[in-house]
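K.L.:
The residues making up each chain are set out below.
Protein chains: 2
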Amino acid sequence: MNISEVSKKYGLSIDTLRYYEKEGLIPPVRRSESGLRDYSEQDCGWVEFIKCMRAAGLSIDTLRQYITLYFKGNRTLQKRKNLLVVEREKLKARIDEMQSTLARLDYKIEMYEGRIVACEKELLKKRKSK
Amino acid sequence: MNISEVSKKYGLSIDTLRYYEKEGLIPPVRRSESGLRDYSEQDCGWVEFIKCMRAAGLSIDTLRQYITLYFKGNRTLQKRKNLLVVEREKLKARIDEMQSTLARLDYKIEMYEGRIVACEKELLKKRKSK
DNA sequence: GTAAACCCTGGAGCTGGCTTTACGTCAAGC
DNA sequence: GCTTGACGTAAAGCCAGCTCCAGGGTTTAC
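Line order of the protein sequences matches chains A and B. Read the first sequence against the working numbering and you will find it ends at 167, with the numbers running on by one and no gaps. Read the second sequence against the working numbering and you will find it ends at 167, with the numbers running on by one and no gaps.
Honestly, the hints are just simulated from the structure, not real lab data. Honestly, I wouldn't trust all of these hints.
Identical chains share a label here; the pair holds if one copy fits it or two copies do between them.
Only pairs whose alpha carbons sit at most 16 Å apart, straight line, appear in this in silico EDC-like list of lysine to aspartate or glutamate [as the list claims (entries may be wrong)]:
#1 Lys118 with Glu147
#2 Lys162 with Asp52
#3 Lys45 with Asp143
#4 Lys145 with Glu126
#5 Lys116 with Asp133
#6 Lys118 with Asp143
#7 Lys46 with Glu85
#8 Lys45 with Asp80
#9 Lys127 with Asp98
#10 Lys46 with Glu78
#11 Lys46 with Asp80
#12 Lys129 with Glu70
#13 Lys118 with Glu157
#14 Lys158 with Glu42
#15 Lys163 with Asp52
All chains, please: the whole structure from these sequences, using the hints.
P.N.:
In structure tokens, the structure reads:
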């Protein structure tokens, strides 16, 4: 799979894919004899994982740490798990905060509905009284 | 209320408060004769609102639009509501995505637990067989 | 065999959102 | 009356995370 196919498949720009690889978020991708990237299934898996984690707000740096540990093998299992646990907690906190903001927006929108109706009634009254 | 009190109260830096005001996210705050900001209750309300919305991911620009509409009065009620509805949908989508990433992290963490246990057993076995 | 369409790299540039800097004013305590 | 420290402004700087560009090598289609 070449880079533009992967780009389309995951909705990440070609530049971003190269950037992620350069930054070590994705292991170095195999190249064809002429030097073109050829993404394996596994590479795609990493791309998808990174995309998902980035969208959830994990930093480039954190993800780089994770993959670095990953490639050190089994003896980093505990560290990797700890990293994930920490990020999971952060994510949970972000979600909770956003949930309550969502509720707040819902409430505000409801209020607006009420006010808009009231405003329209007011207009109607004025028109009738003419 | 002066700027440093508001800063402490809401956990936004003094610089950020000035920045928000300059960018029009917060209405211009009343000044003392000598030009120092003196935040009213209402100002504080805006600060709190903006802080909350920023944390939920609404852009500076969107919030500026909202407050601009707000100060045009009642005839922008519908527009303001629409803006909030759009942002609400975006927020909901972000939350949903993050929820599923959270679930994914939970799953991964569980897997790690299993693997760590397996790894420890392996070590134990090796030690016994010596 | 040549133009069009990809791909490569390294490095510069951009964007959003603050943060720092440089420099000046003012109020309070000593 | 002088220092100290909080406040003011404008403008430059900074950081994360891309995004674009120049310059050059392939591959593909005609």
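K.L.:
Please work out whether the CA atoms of lysine 162 and aspartate 52 approach to 16 Å or closer within one copy, between two copies, in both situations, or in neither?
P.N.:
neither (60 Å within a copy, 48 Å between copies)
K.L.:
For the identical chains here, do lysine 118 and aspartate 143 meet the 16 Å Cα criterion within one copy, between copies, both, or neither?
P.N.:
Between copies only: 10 Å across chains, 37 Å inside a chain, cut-off 16 Å.
K.L.:
Have a look at lysine 158 and glutamate 42 and pick one of within, between, both or neither, based on CA distance no larger than 16 Å.
P.N.:
neither (56 Å within a copy, 43 Å between copies)
K.L.:
State whether the alpha carbon distance between lysine 46 and glutamate 85 is at most 16 Å within one copy, between copies, both, or neither.
P.N.:
The answer is within: 9 Å in one copy meets 16 Å, while 41 Å across copies does not.
K.L.:
Within a copy, between copies, both or neither: where do lysine 45 and aspartate 80 come within 16 Å Cα-Cα?
P.N.:
within (15 Å within a copy, 46 Å between copies)
K.L.:
Cα distance capped at 16 Å. Does lysine 45 pair with aspartate 143 within a copy, between copies, both, or neither?
P.N.:
Neither: 35 Å inside a copy, 28 Å across copies.
K.L.:
Checking lysine 127 and aspartate 98: alpha-carbon separation at most 16 Å within a copy, between copies, both or neither?
P.N.:
within (15 Å within a copy, 26 Å between copies)
K.L.:
At most 16 Å between C-alpha atoms: does lysine 145 with glutamate 126 qualify within a copy, between copies, both, or neither?
P.N.:
between (29 Å within a copy, 14 Å between copies)
K.L.:
Check lysine 118 against glutamate 147 for me: Cα-Cα at most 16 Å, and say if that holds within a copy, between copies, both or neither.
P.N.:
between (43 Å within a copy, 9 Å between copies)
K.L.:
Are the CA atoms of lysine 116 and aspartate 133 at most 16 Å apart within a copy, between copies, both, or neither?
P.N.:
Neither: 26 Å inside a copy, 28 Å across copies.
K.L.:
Using 16 Å as the alpha carbon limit, work out where lysine 129 and glutamate 70 are close: within a copy, between copies, both or neither.
P.N.:
neither (45 Å within a copy, 46 Å between copies)
K.L.:
Quick one: lysine 46 to aspartate 80, C-alpha cut-off 16 Å, is that within a copy, between copies, both, or neither?
P.N.:
within (13 Å within a copy, 47 Å between copies)
The earlier numbered hints that this structure contradicts are 2, 3, 5, 12, 14 and 15.
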